[in-house]
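Colleague: Go ahead and model the full structure; you've got the sequences and the hints to work with.
In order, the protein sequence lines correspond to chains A and B.
Residue 1 is where the first sequence starts when you use our numbering, and the numbers rise one by one after that.
Residue 1 is where the second sequence starts when you use our numbering, and the numbers rise one by one after that.
Derived from the structure by calculation, the hints contain no laboratory data.
A portion of the hints provided could be inaccurate.
Residues from chain B that keep clear of chain A, each with C-beta distances beyond 10 Å, as calculated [to be verified]:
1) M32
2) L37
3) F120
4) I128
5) T135
6) G147
7) S167
8) M180
9) T190
10) W191
11) Q305
12) T342
13) N348
14) L355
15) S413
30 Å max Cα-Cα, derived DSSO-like pairs, lysine-lysine [what the hints assert, rightly or not]:
16) K93(B) / K237(A)
17) K188(B) / K323(A)
18) K273(A) / K188(B)
Computed beta-carbon distance windows for the label pairs [what the hints assert, rightly or not]:
19) P111(A) / K3(B): 55 to 63 Å
20) P111(A) / L178(B): 46 to 54 Å
21) M10(B) / K273(A): 52 to 60 Å
22) P429(B) / Q322(A): 50 to 58 Å
23) T190(B) / S69(A): 29 to 37 Å
24) T157(A) / M195(B): 48 to 56 Å
25) Y25(B) / Y207(A): 41 to 49 Å
26) T157(A) / T190(B): 38 to 46 Å
27) R279(B) / P111(A): 50 to 58 Å
28) N92(A) / I9(B): 53 to 61 Å
29) I9(B) / Y325(A): 24 to 32 Å
30) Y325(A) / S91(B): 22 to 30 Å
31) M10(B) / I331(A): 56 to 64 Å
32) K273(A) / L436(B): 23 to 31 Å
We put the CB at the ideal spot given by N, CA and C, even for glycine.
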Amino acid sequence: MNPHANMIIMSSLILGPMITITSSHWVMAWVGLEINMLAIIPLTGQTTTTHEQFEASIKYFLTQAAASSLLLFSIINNVWNTGQFDITQPTNTLSSTMMTAALTMKLGLAPFHYWLPETLQGTTTMMTLILTTWQKLAPLTLLMMINQSLNTSLLVTLSLLSMMIGGWGGLNQTQLRKIMAFSSIAHLGWMTMILTLSTKLTLLTFYTYITLTTTMLLTIKLLETNKMSTAMTSWTKSPMLNATMMLNLMSLAGLPPLTGFMPKWLILQELTKNHMTIIAATSAILSLLSLFFYIRIAYYSTITLPPNMTNYSQQWRHKNQQKPYLPLMIITSSMLTPIMPTFMMIL
Amino acid sequence: MLKIIIPTIMLIPTTTMCKPTQLWYTTLIHSMLISLLSLQLFYPSLQPIMNFSNHNLQQNQTSTPLIILSCWLTPLMILASQNHLSTEPLSRKRTFIITTIILQMLLIMTFSTTDLIMFFVLFEATLIPTLMMITRWGNQMERLNAGTYFLFYTLMGSLPLLVALLSLYSNTNSLSILTMQLSPTMLKNTWTNSMWLLAALTAFMIKMPLYGLHLWLPKAHVEAPIAGSMILAAILLKLGGYGIIRIMSTTNFLSKTPYYPFMILALWGIIMTSLICLRQTDLKSLIAYSPVSHMGLVTAATLTQTEWAYTGAITLMIAHGLTSSLLFCLANTKLRRIHSRTLLLTQNMQLLLPLMGTWWLLASLTNMALPPTINLMGELTIITSLFNWSNTTIIITGLGTLITATYTLHMFSSTQWGELPQHIKIMTPSHTREHLIMTLHILPMMLLMMKPELIWGPLYC
Numbered sequence: 001m002n003p004h005a006n007m008i009i010m011s012s013l014i015l016g017p018m019i020t021i022t023s024s025h026w027v028m029a030w031v032g033l034e035i036n037m038l039a040i041i042p043l044t045g046q047t048t049t050t051h052e053q054f055e056a057s058i059k060y061f062l063t064q065a066a067a068s069s070l071l072l073f074s075i076i077n078n079v080w081n082t083g084q085f086d087i088t089q090p091t092n093t094l095s096s097t098m099m100t101a102a103l104t105m106k107l108g109l110a111p112f113h114y115w116l117p118e119t120l121q122g123t124t125t126m127m128t129l130i131l132t133t134w135q136k137l138a139p140l141t142l143l144m145m146i147n148q149s150l151n152t153s154l155l156v157t158l159s160l161l162s163m164m165i166g167g168w169g170g171l172n173q174t175q176l177r178k179i180m181a182f183s184s185i186a187h188l189g190w191m192t193m194i195l196t197l198s199t200k201l202t203l204l205t206f207y208t209y210i211t212l213t214t215t216m217l218l219t220i221k222l223l224e225t226n227k228m229s230t231a232m233t234s235w236t237k238s239p240m241l242n243a244t245m246m247l248n249l250m251s252l253a254g255l256p257p258l259t260g261f262m263p264k265w266l267i268l269q270e271l272t273k274n275h276m277t278i279i280a281a282t283s284a285i286l287s288l289l290s291l292f293f294y295i296r297i298a299y300y301s302t303i304t305l306p307p308n309m310t311n312y313s314q315q316w317r318h319k320n321q322q323k324p325y326l327p328l329m330i331i332t333s334s335m336l337t338p339i340m341p342t343f344m345m346i347l
Numbered sequence: 001m002l003k004i005i006i007p008t009i010m011l012i013p014t015t016t017m018c019k020p021t022q023l024w025y026t027t028l029i030h031s032m033l034i035s036l037l038s039l040q041l042f043y044p045s046l047q048p049i050m051n052f053s054n055h056n057l058q059q060n061q062t063s064t065p066l067i068i069l070s071c072w073l074t075p076l077m078i079l080a081s082q083n084h085l086s087t088e089p090l091s092r093k094r095t096f097i098i099t100t101i102i103l104q105m106l107l108i109m110t111f112s113t114t115d116l117i118m119f120f121v122l123f124e125a126t127l128i129p130t131l132m133m134i135t136r137w138g139n140q141m142e143r144l145n146a147g148t149y150f151l152f153y154t155l156m157g158s159l160p161l162l163v164a165l166l167s168l169y170s171n172t173n174s175l176s177i178l179t180m181q182l183s184p185t186m187l188k189n190t191w192t193n194s195m196w197l198l199a200a201l202t203a204f205m206i207k208m209p210l211y212g213l214h215l216w217l218p219k220a221h222v223e224a225p226i227a228g229s230m231i232l233a234a235i236l237l238k239l240g241g242y243g244i245i246r247i248m249s250t251t252n253f254l255s256k257t258p259y260y261p262f263m264i265l266a267l268w269g270i271i272m273t274s275l276i277c278l279r280q281t282d283l284k285s286l287i288a289y290s291p292v293s294h295m296g297l298v299t300a301a302t303l304t305q306t307e308w309a310y311t312g313a314i315t316l317m318i319a320h321g322l323t324s325s326l327l328f329c330l331a332n333t334k335l336r337r338i339h340s341r342t343l344l345l346t347q348n349m350q351l352l353l354p355l356m357g358t359w360w361l362l363a364s365l366t367n368m369a370l371p372p373t374i375n376l377m378g379e380l381t382i383i384t385s386l387f388n389w390s391n392t393t394i395i396i397t398g399l400g401t402l403i404t405a406t407y408t409l410h411m412f413s414s415t416q417w418g419e420l421p422q423h424i425k426i427m428t429p430s431h432t433r434e435h436l437i438m439t440l441h442i443l444p445m446m447l448l449m450m451k452p453e454l455i456w457g458p459l460y461c
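Modeller: As structure tokens, then:
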């Protein structure tokens, strides 16, 4: 891409959520979201060789624009009812419900998740990375700031629905980026479950999710696999990365003692403290659905190797590209559970 | 306690850095040294002084035998895996040994922790190395299914366990095993408390396994490599028993009705799985079903919550661990020679491999709980405590013992006696390594026969 255009787009992409996060005025928050959306549309629309890629960016634009306008409407409704634009003041029921709907549409929570799998599939892997991690920052921050006026039962319903859809939807997928989309839906479900009870835990889950998803998508990019069938031969490109991909997948699934278990454990603890035991047990068991497709990827790529390969044979045209920060991320995504009290203290 | 954990962790760099020709010797000798070091944990059993404890890691008579058994089993696993890993490249051999060592480390920490949540995290953590062992180094295509069954059965039970432990934490604000044993809470027989008990116990019942929830066990045991089968049968099943003992000592229900479903399934499972063993054609599957019946006895005993029952449970767990692991090693020697697990393909092995016949005899005798082995001590204590709990259980347990003896004799006579099959052309003689494995299994059993107080758990003080 043209370096000047690239600079403008990248700086707007970073500027948008920064404005949203640091604002206390509703209109500034909305402006930040709009800057972000306008910046990322050219990035998602970069590759338009196939029809699917073209459709992905259009779907993304339409969904985000609709969500932004719904958010603007709920802001105006809030102003009409309470007479002030301050984010930190409580809002009335209608405004907060509409804001919930708009922000969940921006995030990709159920039942507004239909755009997410195709959008993540239709763009490049780096764009998938940005869409799943950076784009979630601004809407989630807004949700956290208005958490005291939100309806707990609505949020719990949405999050249980997200976990179900994230689990069951990913079961039939073979494309890795679509699988990451459904995993994103399920993780966002865990984040919004605990939103009204403890924003600290939402933040912790978000940070853990960013680390795990970034590691996974960077691994996918390095191994140049997009489907499960190409993942089966990824051990010829980098066997060590293959093995750590398995650990990363188990961490995404939330298996102890890896990092992904830590937010789940703390969320379940907070839920049982508030006597929501059945909801806690249900959400724990729903995470087993996503465990199945993570384990399936781990089986195909790492644990079972083709029967005719007992000697290690490397791919003959092997580009040795490395990302120096990837080992650190892998360690962070596997081994953080023993220092859990540190996170409770600093968040 | 760190004297044992740190050397075990340090075995991992040892494995990566030792010379290729010395890989097996080095890991074997070092893990054997660690297991000899762990024997000193028996010392507090002989006196009421507890020397090896701090706030985080503590052993009492319940957990000490299991720690020592898991340390003892690692060199045996390394010994037994040499044959089937000989064709693999060096890095995979190292990875296998590292998986074994990680499993041992997690098991030691599981049995010695003082906090129930830490116990849970480590209990779950043992799943990952075991899954890797089953699905990566198993033999048949069915191992994928076996790994999935293993993982999902265990996790389906243990996630409610996590929620149950967290709700106990929010009620009592402490999950330390030490303080909970001293003040067990009396619970009324309400729906909530019954559900709590169901959630807390199901994970361990699946792990034991209880009869209705046992479908993962034959798959996992049959498809696992020999080291995986050994560690599964000897220790990982006993994790369930240990967990039940810990949970049961923390709560006391005012009426015994919530325990009835588990008790019924356990007792009925003893008979049913013993009968299934009689009908098996696959040798490894036969040996895999026998833990279900023995662990049914252990489950029924631990649910009665008496001193004799706990003693019998721990004794039978140790004895059965050694016996089952020995039987799997014997089946593996047969598998390596004829590459088939069918029971009837090798008959009259006593003629071809007479020394191995001795080990088959000893294994069968201990499996059917011949006096004066420790298997009999455990079973008899359990049968007595169940008789005390309810007189009619003697029918079930007695019948179970009878059928156990029947299928064990059937297995022994099928492999050792009978007509020599015509198709066997080559039968390589027994390796010294194989004799060593069998000796190292039988030796603790014989020695424990002399001083069984070491594994009697809380009865001895």
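Colleague: For every hint, state whether the structure bears it out.
Modeller: Each hint, compared with the structure:
1. M32: Holds, since 27 Å exceeds 10 Å.
2. L37: L37(B) clear of chain A: closest Cβ-Cβ about 25 Å, beyond 10 Å.
3. F120: 8 Å, violated
4. I128: 6 Å, violated
5. T135: Violated: least Cβ distance 5 Å, not greater than 10 Å.
6. G147: Per Cβ check, G147(B) is inside 10 Å of chain A; nearest 8 Å; violated.
7. S167: At about 5 Å from chain A, S167(B) fails to clear the 10 Å cut-off, so the statement is violated.
8. M180: For M180(B), whose nearest Cβ neighbour in chain A is about 17 Å away, the distance exceeds 10 Å, so it holds.
9. T190: Per Cβ check, T190(B) is outside 10 Å of chain A; nearest 14 Å; holds.
10. W191: At about 12 Å from chain A, W191(B) clears the 10 Å cut-off, so the statement holds.
11. Q305: Holds, since 25 Å exceeds 10 Å.
12. T342: 23 Å, holds
13. N348: 35 Å, holds
14. L355: Holds, since 33 Å exceeds 10 Å.
15. S413: Non-interface label on S413(B) holds, nearest chain A Cβ at 37 Å vs cutoff 10 Å.
16. K93(B) / K237(A): 21 Å, holds
17. K188(B) / K323(A): 59 Å, violated
18. K273(A) / K188(B): 21 Å, holds
19. P111(A) / K3(B): 55 to 63 Å: Since P111(A) and K3(B) have Cβ atoms about 57 Å apart, the given range 55 to 63 Å holds.
20. P111(A) / L178(B): 46 to 54 Å: 48 Å, holds
21. M10(B) / K273(A): 52 to 60 Å: 40 Å, violated
22. P429(B) / Q322(A): 50 to 58 Å: Because 52 Å falls inside the window, the suggested range holds.
23. T190(B) / S69(A): 29 to 37 Å: 52 Å, violated
24. T157(A) / M195(B): 48 to 56 Å: With a Cβ separation near 23 Å, T157(A) and M195(B) fall outside 48 to 56 Å, so the hint is violated.
25. Y25(B) / Y207(A): 41 to 49 Å: The hinted range 41 to 49 Å holds for Y25(B) and Y207(A), with Cβ atoms some 46 Å apart.
26. T157(A) / T190(B): 38 to 46 Å: 28 Å, violated
27. R279(B) / P111(A): 50 to 58 Å: The hint (50 to 58 Å, Cβ to Cβ) holds, given that R279(B) and P111(A) are roughly 51 Å apart.
28. N92(A) / I9(B): 53 to 61 Å: Holds, at about 58 Å.
29. I9(B) / Y325(A): 24 to 32 Å: Holds: the Cβ-Cβ distance is about 27 Å, inside 24 to 32 Å.
30. Y325(A) / S91(B): 22 to 30 Å: Since Y325(A) and S91(B) have Cβ atoms about 25 Å apart, the given range 22 to 30 Å holds.
31. M10(B) / I331(A): 56 to 64 Å: 19 Å, violated
32. K273(A) / L436(B): 23 to 31 Å: The hint (23 to 31 Å, Cβ to Cβ) is violated, given that K273(A) and L436(B) are roughly 54 Å apart.
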